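Top to bottom, those sequences are chains A and B. With numbering that gives the first Met the number 0 applied, the first sequence covers 0 to 224. With numbering that gives the first Met the number 0 applied, the second sequence covers 0 to 217.
Simulated from the structure, these hints should not be mistaken for lab results. Treat the hints loosely; a few may be bogus.
According to the in silico footprint, chain A covers these stretches of chain B (three or more CB under 8 Å from chain A) [to be verified]:
(1) 48-56
(2) 78-91
To give a feel for the contact side, a few chain B residues facing chain A, derived at Cβ under 8 Å [unchecked claim]:
(3) VAL9
(4) ALA43
(5) ALA44
(6) PHE96
(7) VAL181
Predicted model only: the values in this text are computed from it and were never measured. Ideal Cβ positions, reconstructed from N, Cα and C, are used throughout, including at glycine.
Okay, here's what each chain looks like letter by letter:
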Amino acid sequence: MDKRSADAKINAILCNLKFALCNLKFQIRNSKFAILVFFLIAAPAFAHGIRVSATVEGKVIRGRVTYQDGSPAKNCAVTGHDAADEVLAKTETDEDGKFSLEALWRCDYRLEADIGDGHGGEYVVKGSLLPGDLPPRENNPPPEAQSDTRDHRHVGGGSRNPGDENAWTVEQIRLMQAKLDALREKLEAGEKSIRLRDILGGLGYIFGVFGLYAIAGNYRKKYGH
Amino acid sequence: MHIYEGVLLVSERGREVLLAGATLAVLGTGIGLRRLEPERLPRAAVLSAAFFVVSLVHVPLWPSSVHLLLTGLMGVMLGWSAFPAVLVALLLQAMLFSYGGLTALGLNAFIMAAPAVACHYLFRRAAASENERLALGGGFAAGATAILLSGLLMAGSLMLGGRTEFDSLGKILAILQIPLAVIEGLVAASAVALIRKVRPELIAAPILAAIPRERENG
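Chain B extracted, bound-state conformation (with noise of 0.2 Å):
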């Protein structure tokens, strides 16, 4: 999912499209930071560092490889504080893997980013549902629809930057994404139902920030 370093750089149309990416990766990493209450900092940390591990975990599948992204996960319970959670990650995946590259980072960033916070205002409410078949589906929405989104902007950007030659592949890329949604609808699924037996009010943002401070009076 992550478009490489020099896919786009080498033509006119391509580093605008990289500048655009960058550009709004830049602002929603703004307003993800002042979002970030110093509460949700733990959570932002630890789903950071699941996307960055679930990233380089490749599942081969003709005739191309897919990985988890974890996206709508992060989008139901971070919000726009996905941002800066994904960028940190992207980040030192290429530093560390040459996974996206520095001049791509920002595009990258918002290919995944963008979703997940389209997703936290789709789905969050549901996720968050007392009824638990309306929070499984919600899970389950927000998983599949990150991933389909992120495939529509990445192929968006691809062609915007006028690699044409990707236009086929695109295409075959378009049907992968399909199996990879329903995993990760699967995956986003099972991850709110634990949340919701072992810590329900991770998902139920507005809650998070009341209860610490009722622990500290009581």
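So that you can see chain A by itself, here it is in the shape it has in the complex (with noise of 0.2 Å):
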């Protein structure tokens, strides 16, 4: 999966270049409108987002950031923070944007990536995912009060009985991820092409408010003010 996204991106990137270097020549030949079409054409390439997505393995805590285009998002600072705001755990994106955190407390962990400039993402990681065997925070719900624990509990090896530990196996769960990845694919290509929609239809919003603000300077003119 991650080859062939790899691979598209590369040629998209190329793409962009070749229509890049042509709008380079057109441009020195004629010079109107390159650099406007060659932004138009590069937006959804390049365009992004900022996605979190993580999963719990037993006491940690493991998840991606990518950009918009599934593109890794490196060495992007990731912090945990609870209920109340207050950061538990904090860290870094490796070279493929992935982390991992070791969950102290089981509570709702909010994870919040921010790549600095403003831009940055968040997922909160049920707590109910947690282990029982880890302190709960006051703040936070009682485990027993959340309803679907019981779902849950084998997976981080939590349940109290040793022999039952390993209930989902590791293949198990790869298979899972696999299922989950393939999942997660497929909503982000809904999503890009929301996107165009999304910049076509704000660039209709700009002009419409604009032609809207024309009329009305219009209509004062007309009838003076």
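Starting from the two chains in their separate frames, assemble the complex, guided by the hints.
Now the structure itself:
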């Protein structure tokens, strides 16, 4: 999956570079609108928001931070906050955009990724996914109150029964992970197409707003104010 | 270059900074709308749209990513009207892509539009000059200065808002803004060159109002 998306990205970048080169030639000859056209075409390839995703393996929260186009956000600061916004853990993503945090409490971890210039993303890891032997955070509802505790308890090996610890085998978890990855890929593809539509819609709004303002201006002029 | 929602909202001082930014943005937008003549509306709309799209084109540059703003060019071509143009584009970015966010909208608009207005007063004469070199230099300076000023304003508001942990990262970003400023300057300069060839009246603002009337009369 990684290789395919990497290939697709390289293709997209090459395509853009070719286009840019074409434009440059065209620009030198004719020098009209080339810059604007290049930016408009390049937008979907480079455009991004920040996306954070994470899963729980035992006491470790593992996740990945990516840009909108699926490329990893390298060396990006990731902090885990509790419900009261207190920082519980801090780390940084590696070359692949991946990060891992050790959970010290059993509570909802709000993971905040910040690439520094005001662009960031969030993801909440439910406390109920974390093993039960971790101490609960006071301002969190007690683990017993959460309804879906039972379903996930085995994943973390948090069940007090040691024989039960590996009820979910590593293989099963991997399988699940692969399925989730495929699902995420599908979602991302969907989001990308929505995004292009959003950009076009946004442009429409801008011209609409200015158009309305122009109409209002004309009206004022006509009927005198 | 956007301060995103919640970064400053958590502290008392941060909220004050947000409020001050919003107030200044409202004032600037008021002045900008008063000075926005009907003849210049299409220009403001096109530049607002260009700003909207260009801010979405992120070029990865370690450890973060940068995007052009075109605010220097906006300042030279629009003056105070850069405020409403930036505000509209930012509002849509906040709503469609959650860049910035609604509570930070005013502050973000101020951070990006105020340098544009400064560039208008500093470099419009140079950019509208007959001398081609001076005009290109003016364009470059406007583009670069707008980015540097925006960076300063952003770092300033984060620090005023009591976000000390941005200190070291802020330093890295401050260094990062320099290549971005150079790129932005080059883009602004080439845009000025293009406009000079195609429609010189677009930059020389006072002439613009006169030209259509002459055409109408003649």
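Hints and how they fare:
1. 48-56: holds (count 7)
2. 78-91: Held - the segment 78-91 of chain B has 3 residues with a Cβ nearer than 8 Å to chain A, which meets the minimum of three.
3. VAL9: 7 Å, holds
4. ALA43: 6 Å, holds
5. ALA44: 4 Å, holds
6. PHE96: With Cβ-Cβ at 6 Å, under 8 Å, it holds.
7. VAL181: 16 Å, violated
The structure is inconsistent with hint 7 alone, although it conforms to all the rest.
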